[in-house]
Amino acid sequence: MTRRLAIVVAELAARLLPSPTRAWGLAMTREAASIDHAGAALRFALGCLGCALREAALFQLLRPVRGAQSSSSETPDVIDALRLHPRALTGLCAVIATGLGLAYLTFAGAPAFYLVGNAVALVLGFLIVGLLMATGGVGERTLGTVAVALGALLVATALFGTHADGATRWFTLFGVSTQPSLMLVPPLVMIFARTRGTLATCGMALAALALAMQPDRAMAAALTAAAGALALVRPDRRTLTVLALAVVGLATTVLRPDALPAVPFVDRVFYTAFAAHPLAGIAVFAGVVVMMVPPVAGWTSDPANRPVHAAFGALWLVIIAAAALGNYPTPVVGYGASAIVGYVVALLGLPRRSSAAITRPSAVGEKTVRQDGDLRAGAAVAG
Amino acid sequence: MVRRRSLSPHARSVLAAMVEAGGGWLHGYDLSRRAGVKSGTLYPLLIRLEAQGHLEAEWRPPTEPGRPPRHAYRLTAAGSRLARENPPIASEAPLAGKPA
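Protein chains in written order, with my numbering: chain A, -12 to 370; chain B, 36 to 135.
FYI, nobody ran anything at the bench for these hints, they're computed from the structure.
Don't take each hint at face value.
As the list claims (entries may be wrong) - Computed list of chain B residues with no C-beta within reach of chain A, every gap over 12 Å:
1) Ser43
2) Ala56
3) Gly57
4) Arg68
5) Pro79
6) Leu80
7) Arg83
8) Gly88
9) Ala92
10) Pro97
11) Thr98
12) Glu99
13) Arg102
14) Pro103
15) Ile124
To be verified - Restraint ranges, calculated between C-beta atoms of paired labels, are given here:
16) A:Arg41 to B:Ser41: 30 to 36 Å
17) B:Gly58 to A:Ser6: 28 to 34 Å
18) A:Leu227 to B:Gln87: 31 to 37 Å
19) A:Met279 to B:Ser41: 34 to 40 Å
20) A:Gly96 to B:Gln87: 43 to 49 Å
21) B:Trp94 to A:Met279: 38 to 44 Å
22) A:Pro251 to B:Ser41: 47 to 53 Å
23) A:Ala139 to B:Arg83: 17 to 23 Å
Idealized CB from N, CA, C, for every residue including glycine.
Chain B with its partners taken away, still in its complex shape:
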């Protein structure tokens, strides 16, 4: 049986930011800004969400020529369900545009 734990405010913010993206792919830096979490917090969350099947990760081609491919992320169906079950806590709502 899978043990369920209450998600941290940061995890909720990351999930909410991905839901807000409407199922589109997000890069790490963009996601950290949308969710208002620093990279040091974001990546451990992404690693675990991906390992648990809540997140898809893939290399996406660059949008500008001369740039290398970047890792991008979007929620799986299970991830979307997890996001719905764990909305952001009011005071910890995503702060769009906050520097990571």
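Same shape as in the complex, but just chain A:
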């Protein structure tokens, strides 16, 4: 088992190495396979993985310097391929950030069921993604209906959810307390960012109303930020309407008292993680940085789909900022299943392939690449 793991890790290292040094990956794999002691082989392979990650990062950092020296026939590397596949990149970042969150919870001494809860949420998120993708493409009207349903669920949470310290933003399901806004707002924003339909606009309006009712200052700010980012990149009547409603909703939450105490391992994590353990602090900060990699990569390498990347990035950036500034959940890396599910499911709103893949077909090893990022023509979010 350990030996097999060592070989898998070494093979992963070989795949991560950038093209100019990829031949060394086979050397690493063969070397790891030849070590008699399984534990030593695994340690050797893990070292190789660290080496490959550094080489890959260095290769990407020096890419602008190499500039025109790069040959168009250069073999693509894994990082390049991920950059051109926003959904895959976001899925990978969700796994890494959740893993770093588990590391934080471990180092900080959180109860074991917190770790299980976050891990289960990650699996659940991918199950939902898999199920939605298996249903095939759905039209803009269906997506709009889903957006309205999501908005209505948020309103239902405000009306019938669990009440605590003047706020009603939770829902208890099978004995587990969830925060629906963290699960539902991200996919709702992505549907609106991609369709801009009337129904999706109604869904966003319901969300703004619900967040004002709950009240949830952090998510209201995140909704406003996403709408603001969309308005900057793609100003149109519906986006500006949603932005105006989101601003009113946010103002309402600011005027209402919000005195919830911090919950250990959920809130104030940025402040407490380093005190718990230096590695816990590093894991938390690394996790939130990883969460922001997909929107940054999407913005830079997928110009045709900048609105969705901007909305995704603004939304999660403000959720993270709110966690740093107040007693609001630290998404994905802190204890809490809702944000993990929300982050993973929201990836369906991102294009499967970036627009840059169209002009660089060889970069992903395909003869032709079809852009599927545009829902305006009625393509599917889950397609």
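Chain A is already provided as a structure; the job is to place chain B on it using the hints.
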């Protein structure tokens, strides 16, 4: 003009371990043990030494049947010169047998 930089203690240890091998071929794991450096440190050094012409690398047939060929390394003349000019720092001397 080639810019000369002081070599890191790990690079010096790797060079010294290869000199100690007497010009023979060394495999990665063996070299990491002789030099007392982990694989994550060793391979970037090997990659750069090979690119700069200080190191030869080639696939060597297995010593035991049923095993795949392995990459092996030895210093070139330029590499030997570099090793002589950059002996290991006293406290960073190679630790033969230290697990990688």
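Hints, verified against the model:
no.: 1; hint: Ser43; verdict: holds (14 Å)
no.: 2; hint: Ala56; verdict: holds (16 Å)
no.: 3; hint: Gly57; verdict: holds (21 Å)
no.: 4; hint: Arg68; verdict: violated (9 Å)
no.: 5; hint: Pro79; verdict: violated (6 Å)
no.: 6; hint: Leu80; verdict: violated (10 Å)
no.: 7; hint: Arg83; verdict: violated (10 Å)
no.: 8; hint: Gly88; verdict: holds (16 Å)
no.: 9; hint: Ala92; verdict: violated (8 Å)
no.: 10; hint: Pro97; verdict: violated (8 Å)
no.: 11; hint: Thr98; verdict: violated (10 Å)
no.: 12; hint: Glu99; verdict: violated (9 Å)
no.: 13; hint: Arg102; verdict: violated (6 Å)
no.: 14; hint: Pro103; verdict: violated (5 Å)
no.: 15; hint: Ile124; verdict: holds (22 Å)
no.: 16; hint: A:Arg41 to B:Ser41: 30 to 36 Å; verdict: violated (21 Å)
no.: 17; hint: B:Gly58 to A:Ser6: 28 to 34 Å; verdict: holds (32 Å)
no.: 18; hint: A:Leu227 to B:Gln87: 31 to 37 Å; verdict: violated (59 Å)
no.: 19; hint: A:Met279 to B:Ser41: 34 to 40 Å; verdict: holds (37 Å)
no.: 20; hint: A:Gly96 to B:Gln87: 43 to 49 Å; verdict: holds (48 Å)
no.: 21; hint: B:Trp94 to A:Met279: 38 to 44 Å; verdict: holds (42 Å)
no.: 22; hint: A:Pro251 to B:Ser41: 47 to 53 Å; verdict: holds (48 Å)
no.: 23; hint: A:Ala139 to B:Arg83: 17 to 23 Å; verdict: violated (60 Å)
Violation of the numbered hints given earlier is confined to hints 4, 5, 6, 7, 9, 10, 11, 12, 13, 14, 16, 18 and 23; the remaining hints are satisfied by the structure.
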